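J.: Spelled out, the chains give:
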Amino acid sequence: MNLTLKIWRQEDSKAKGAVETYPISDISPDSSFLEMLDVLNESLILKGIVPVAFDHDCREGICGMCSLYINGEAHGPDRKVTTCQLHMRMFKDGDTITIEPFRSAGFPVVKDLVVDRSAFDKIQQAGGYVSVNTSGNTQDANAIPIPKRDADKAFDAATCIGCGACVATCKNGSAMLYVSAKVSQFSLLPQGKVEANRRALNMVGKMDELGFGNCTNTGACEVECPKGISLDNIARMNRDFLKASTVSEEK
Amino acid sequence: MSNSGLVKSSIGRKLVMALSGLFLLVFLLQHLIINLLSVISPTSFNEVSHFMGTNGIVQFALQPVLIGGIIIHYIMGIVLTIQNKKARPIAYVVDNQAANSSWVSRNMIFTGLTILAFLVVHFIDFWIPEVVTKFVNQDWSGLEDGIEGFRYHHELVGKFSGTRGLAKASVYTIAFTFLGLHLAHGFASTFQSVGFRHGKYTPTLVKIGKAYSVIVPLLFALIVWFHALVSAH
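Residue numbers (the working numbering), protein chains in the order written: chain A, 1 to 251; chain B, 1 to 233.
To be clear, the hints were calculated from the coordinates, so they are not data collected in a lab.
None of the values given here were measured: they were computed from a predicted structure.
Among these hints, one or two may not hold up.
The following residues of chain B were derived to be distant from chain A, with all beta-carbon distances above 12 Å [as the list claims (entries may be wrong)]:
#1 G53
#2 I67
#3 A91
#4 A117
Cross-link-like lysine-lysine pairs, in silico, DSS-like; alpha carbons within 25 Å at most [said to hold, decoys possible]:
#5 B:K85 with A:K111
#6 B:K8 with A:K14
#7 B:K86 with A:K171
#8 A:K111 with A:K122
#9 A:K14 with B:K207
#10 A:K47 with A:K6
#11 A:K16 with A:K153
#12 A:K14 with A:K193
#13 B:K85 with A:K153
#14 A:K122 with B:K86
#15 B:K8 with A:K122
#16 A:K193 with A:K148
#17 A:K243 with A:K193
#18 B:K200 with A:K193
#19 A:K251 with B:K134
#20 A:K14 with A:K122
#21 A:K122 with A:K243
#22 A:K16 with A:K47
#23 A:K111 with A:K14
#24 A:K171 with B:K200
#25 A:K80 with A:K92
#26 A:K92 with A:K6
#27 B:K200 with A:K148
#28 A:K111 with B:K86
#29 A:K80 with B:K8
#30 A:K193 with A:K111
Beta carbons are placed, not taken as given, at the ideal position from N, Cα and C, and that holds for glycine.
Using the sequences and the accompanying hints, generate a full structural model.
T.: This is the structure in structure tokens:
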């Protein structure tokens, strides 16, 4: 495949940045999107050009490290896959592909296509845990009976890999889908319910503080999420938060 | 760590939009029912209009709440839009939003402001003359010289008569179209925002929302055209 790549280049967080055009040829339709970028970078190095910086780690679709806004969509045109699992067969020979970093006030660009997503870590640290030490004290899994439906919903929420595609996609730059998944995976289970009020208040408070936008229920996040995290979680978080800030005595 | 509190939080703002929106959905239905009376029974329309226009509770309790609700809905909508723009300071070069969300859901501020422009026209057309009659001229009788019974139906028909009436009906129809687009996202969205989402009820609610967003504006438009084309002649 022969392609034209339009890639956002930015030297560092303070530089202005601009789109650069790179033609690339002989790309296998079976290669992954990141492999295609590897090929590009090898050719750039040979030409003495600084290679394009992009985030990646496991390349198995489970670590949440890869990102990229490809032709106007987070993780590209395929559904329920991360960029590392996106294959070049999704494109046509001769296509022009625009590659940009995830854009959000909460995710500043570090270099080229790499953004700083540590805002998500801060939200997680604000309450995305249970305050008991489980290491070495592991209980038998069946000691507390949990309805299958709740267990499934909690597990579905827990599949969130924190890649930030929801924020990147949302026209409002809202982080509600991510935060709601992190709230839901605990609040549905008995061990997490104990701290549900405090967790909802603190995580939402942190999310607002970090400059993410407001959710307007467009549902774009759910469509672009590589793990298919449902809007059900946002509704659950709205409920949890309203309950926590009105009925409970948590501050 | 302290939290930002309900009122200052993003979810609190969402709740304000949803509750004021829900209130306006109920108001629209009430407005539509009275408008329908103007077609079905002019006498009942006159009586209801007189009641709504002169009853103390409606005029001095419900009307301020309604206007307050509209103002809150607009102010919050504009505040949210500004905040959301700030949340993405650098726009994408290519952004294929149509791939993941509906046009109506992304353009609530546009359809909303179009409705606001209509509200200005509508207030000049109906609300201000009523205020002048009642508060400036101190005429609370609901009567008019040369007319038998109350004046309301006669005035309504007058406002939509002739070529001017046809032009006005066209403007109203455009506004009702934008209202429909706004409701197509707004109705179901209010329930999501207050956290009401349920495997059993939400699919039905979404269907009701779609029906509401088509039927209510359509009936409003049909009533206007009925008066412009039938009543005025």
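J.: With reference to the structure, classify each hint as holding or not holding.
T.: Status of each hint after checking the structure:
1. G53: holds (36 Å)
2. I67: holds (24 Å)
3. A91: At roughly 7 Å from the nearest Cβ of chain A, A91 (chain B) sits no farther out than 12 Å, so the non-interface label is violated.
4. A117: holds (21 Å)
5. B:K85 with A:K111: holds (23 Å)
6. B:K8 with A:K14: violated (31 Å)
7. B:K86 with A:K171: Given that 25 Å is the threshold and the Cα spacing comes to 11 Å, the pair holds.
8. A:K111 with A:K122: holds (21 Å)
9. A:K14 with B:K207: violated (49 Å)
10. A:K47 with A:K6: The hint holds at about 18 Å.
11. A:K16 with A:K153: violated (43 Å)
12. A:K14 with A:K193: violated (43 Å)
13. B:K85 with A:K153: violated (33 Å)
14. A:K122 with B:K86: Holds, because 20 Å separates the two Cα atoms, which is no more than 25 Å.
15. B:K8 with A:K122: holds (20 Å)
16. A:K193 with A:K148: Given pair K193 (chain A), K148 (chain A) holds - Cα atoms ~16 Å apart, limit 25 Å.
17. A:K243 with A:K193: holds (13 Å)
18. B:K200 with A:K193: Since the Cα atoms of K200 (chain B) and K193 (chain A) sit roughly 24 Å apart, the hinted pair holds (cutoff 25 Å).
19. A:K251 with B:K134: The given pair, whose Cα atoms are some 50 Å apart, is violated under the 25 Å limit.
20. A:K14 with A:K122: Holds, because 22 Å separates the two Cα atoms, which is no more than 25 Å.
21. A:K122 with A:K243: holds (23 Å)
22. A:K16 with A:K47: Given that 25 Å is the threshold and the Cα spacing comes to 24 Å, the pair holds.
23. A:K111 with A:K14: Distance of about 9 Å is within 25 Å: holds.
24. A:K171 with B:K200: violated (29 Å)
25. A:K80 with A:K92: holds (20 Å)
26. A:K92 with A:K6: Holds: K92 (chain A) and K6 (chain A) sit about 15 Å apart, inside 25 Å.
27. B:K200 with A:K148: holds (18 Å)
28. A:K111 with B:K86: Status holds; Cα separation ~21 Å.
29. A:K80 with B:K8: violated (34 Å)
30. A:K193 with A:K111: violated (40 Å)
Hints 3, 6, 9, 11, 12, 13, 19, 24, 29, 30 from the earlier list are contradicted by this structure; the remaining hints agree with it.
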